[in-house]
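Asks: Which chain is which? The protein sequence lines are A and B, in order.
If you're matching positions, the first sequence starts at 118 in the working numbering and goes up one per residue.
If you're matching positions, the second sequence starts at 8 in the working numbering and goes up one per residue.
One should not assume that every hint holds.
Label pairs and their in silico Cβ distance ranges [stated by the list, open to error]: (1) B:G73 - A:V271: 48 to 58 Å; (2) B:Y144 - A:E386: 17 to 27 Å; (3) A:D294 - B:L86: 22 to 32 Å; (4) A:H124 - B:N126: 30 to 40 Å; (5) A:R315 - B:I214: 42 to 52 Å.
Some, not all, of what chain B presents toward chain A, calculated at C-beta under 8 Å [said to hold, decoys possible]: (6) A61; (7) L86; (8) R89; (9) I93; (10) Q96; (11) P113.
Pairs of lysine-lysine residues, derived as DSSO-like cross-links and limited to a Cα-Cα distance of at most 27 Å, are as follows [said to hold, decoys possible]: (12) B:K108 - A:K384; (13) A:K293 - B:K56; (14) B:K83 - B:K29; (15) B:K108 - A:K122.
Simulated from the structure, these hints should not be mistaken for lab results.
Think of the CB as a built atom: it goes at the ideal place given N, C-alpha and C, for glycine as much as any other residue.
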Amino acid sequence: MKSIKNHISLVLALTSILFAIQTLIVTHRALEAYEKNLKTNYSIVVVSDKVLNEKTLKSKSSLIESVEDIEVDDAIKRIDSSISKNNLELLKLSLPDFYKLTLSKYPTPSEIKQLKKQLKTLSGVKKIEDFKTSYDTSYKLLTLFGTVVTVFSVVVFVITSLLILKELRIWQYIHKDRMNIMGLFGAPKWLSSAVLFRLAIIDAVISSFLVFIAYAFIKNSDWLGEKLSTVGIDIEIFDFVNDFPILFVAAVLLSILLATAIAFSHKEEV
Amino acid sequence: MDKVIVAQGLSLAYEKSEMIIKDASFAIESGSFVFITGASGSGKSTLLKSFYGALSPVSGSLIVGGVELKGVSRSKLNLLRRHIGIVFQDYKLVNEWTIEKNVSLPLVINGYEKSVTENQVDTLLKHVRLKHQTGKYPLELSGGEQQRVAMARALAHNPIMILADEPTGNLDDYSAQLIWNLLAGANEQLNTTVVVVTHRIPQSLGIDYRHFHIEYGNIHEVN
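Chain A on its own, in the form it takes in the complex:
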């Protein structure tokens, strides 16, 4: 019973840490997906009196991925069919050139400010429309959510690490006698602490599977799928093939660290 209790304490602590890690991974993956989604749909428009080519525009910022001329013909045709052909030609000549710039990533407010500043140095540029306000609200909300999750995960990590340290002291006490006795008969450190490492690895395996099962359950929840598609996230944010090894290695490393700390802090009683 005592032994089960000791297992449970470490398994719970490890599971909390793994859950925090997995939550961080999933949240950041979701944010990345949303950012990608925004990036695909987002572009800025540059209005210029002079003709600009792609090379000139790209030289102003590495953020610019591609440049596309916006044809004004269709827009003019839609204005009014009663305008005479000559006037239409005149209007077309008097209109500036429009360029649609797509970016390599969804820019932050400071990046967009810098980009606009750079583009304005180009001769002929009259106006730059960034359409940022309409995109920004939901993005900022998601970024805030990401920050909150990160802070939460760090807090969970710190608190659980303190719990593990407490657990370490309990384990030290429990295993002290056996390690002492084995030491008296000349057992090397690795042998006298082998039980610790075995227990730690077993607990790491149990915790990894617990988190795996919990996330498998969440993944198959209709509720979550619905919520994610509402915010336009349509990717596999639960990537078990890549995530499980990360969690497993993290759990094993943490528990081995714990066992090593106990083994090396053990002092023979005189």
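Let chain A serve as the given structure and place chain B on it in line with the hints.
Replies: Using the frame of chain A, we list chain B on its own:
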């Protein structure tokens, strides 16, 4: 005769300001049976601890089994301990292990094969008259029986030397006699050096022995 323990100007202390053993010089020959006596707190157990390297000399030299213990490395000390059997007054058995597993400990540490270990444990449990208790845990046994398990463990790997710290201190006369017989048997039949710290030397041991007495930190041999 080979000397298994050689002390030259040996001083021992837990804190440098308070010497427990002062400037002791003596030698113990291989195959001898030695008693170390003295009043409580005289330093008998401290001296025994120094023989298995649990306490390092403050000054002087202490050579056990050919190994200088002053400043000895952990790995060398482990190697030495694999050739020593130790018996304590409080048995020092692993309570979560069966008595077989406790007895097999030195064999496992010394890397004996499983079949050899099992045979040796079986023989030893018969030798200490505990075969009928196989599968039990130390806390299910009486004090005398636990000490016999500890004796079997100390003998398991055919050590060059057995160090016993008050091995009969907690036992009734019958159990104490069994332990003395086992120690004397190991000394006589296997030529194992036996060093025993005790308050009382048994009357009917039936073998030759040497007797060191500790008083005020000084060791002298009693003839």
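Asks: Each hint should be assessed against the structure and marked as holding or not.
Replies: Hint-by-hint comparison with the structure:
One distance hint, 48 to 58 Å for the beta-carbon pair B:G73 and A:V271, holds here, with the actual separation near 56 Å. Our hint of 17 to 27 Å for B:Y144 and A:E386 holds, since their Cβ atoms are close to 22 Å apart. A beta carbon spacing of about 23 Å between A:D294 and B:L86 agrees with the range 22 to 32 Å that was offered as a hint. The given range of 30 to 40 Å is respected by A:H124 and B:N126, whose C-beta atoms sit roughly 35 Å from each other.
A hinted range of 42 to 52 Å holds for the C-beta pair A:R315 and B:I214, which are about 44 Å apart. About 5 Å separates the beta-carbon of B:A61 from the nearest beta-carbon of chain A, less than 8 Å, and the hint is met. Contact between B:L86 and chain A, as hinted, is supported at the beta carbon level, the nearest pair being about 7 Å apart and thus within 8 Å. Nearest Cβ of chain A to the Cβ of B:R89: about 4 Å, under the 8 Å cut. The hint holds.
At about 6 Å, the closest approach between the beta carbon of B:I93 and any beta carbon in chain A falls short of 8 Å, and the interface hint on this residue holds. Of the supplied interface hints, the one on B:Q96 is violated, with its beta-carbon coming no nearer than about 14 Å to a beta-carbon of chain A, more than 8 Å. Look at B:P113: its Cβ gets to within about 5 Å of chain A, closer than 8 Å, so that hint holds up. Only pairs whose Cα atoms come within 27 Å are accepted, and B:K108 paired with A:K384 is accepted, the gap being roughly 24 Å.
Using a Cα cut-off of 27 Å, the hinted pair A:K293 and B:K56 holds, with the two alpha carbons roughly 18 Å apart. For a cut-off of 27 Å, the pair hint linking B:K83 to B:K29 stands: about 26 Å separates their Cα positions. Taking the CA atoms of B:K108 and A:K122, the gap is about 24 Å. The hint holds against a cut of 27 Å.
The structure is inconsistent with hint 10 alone, although it conforms to all the rest.
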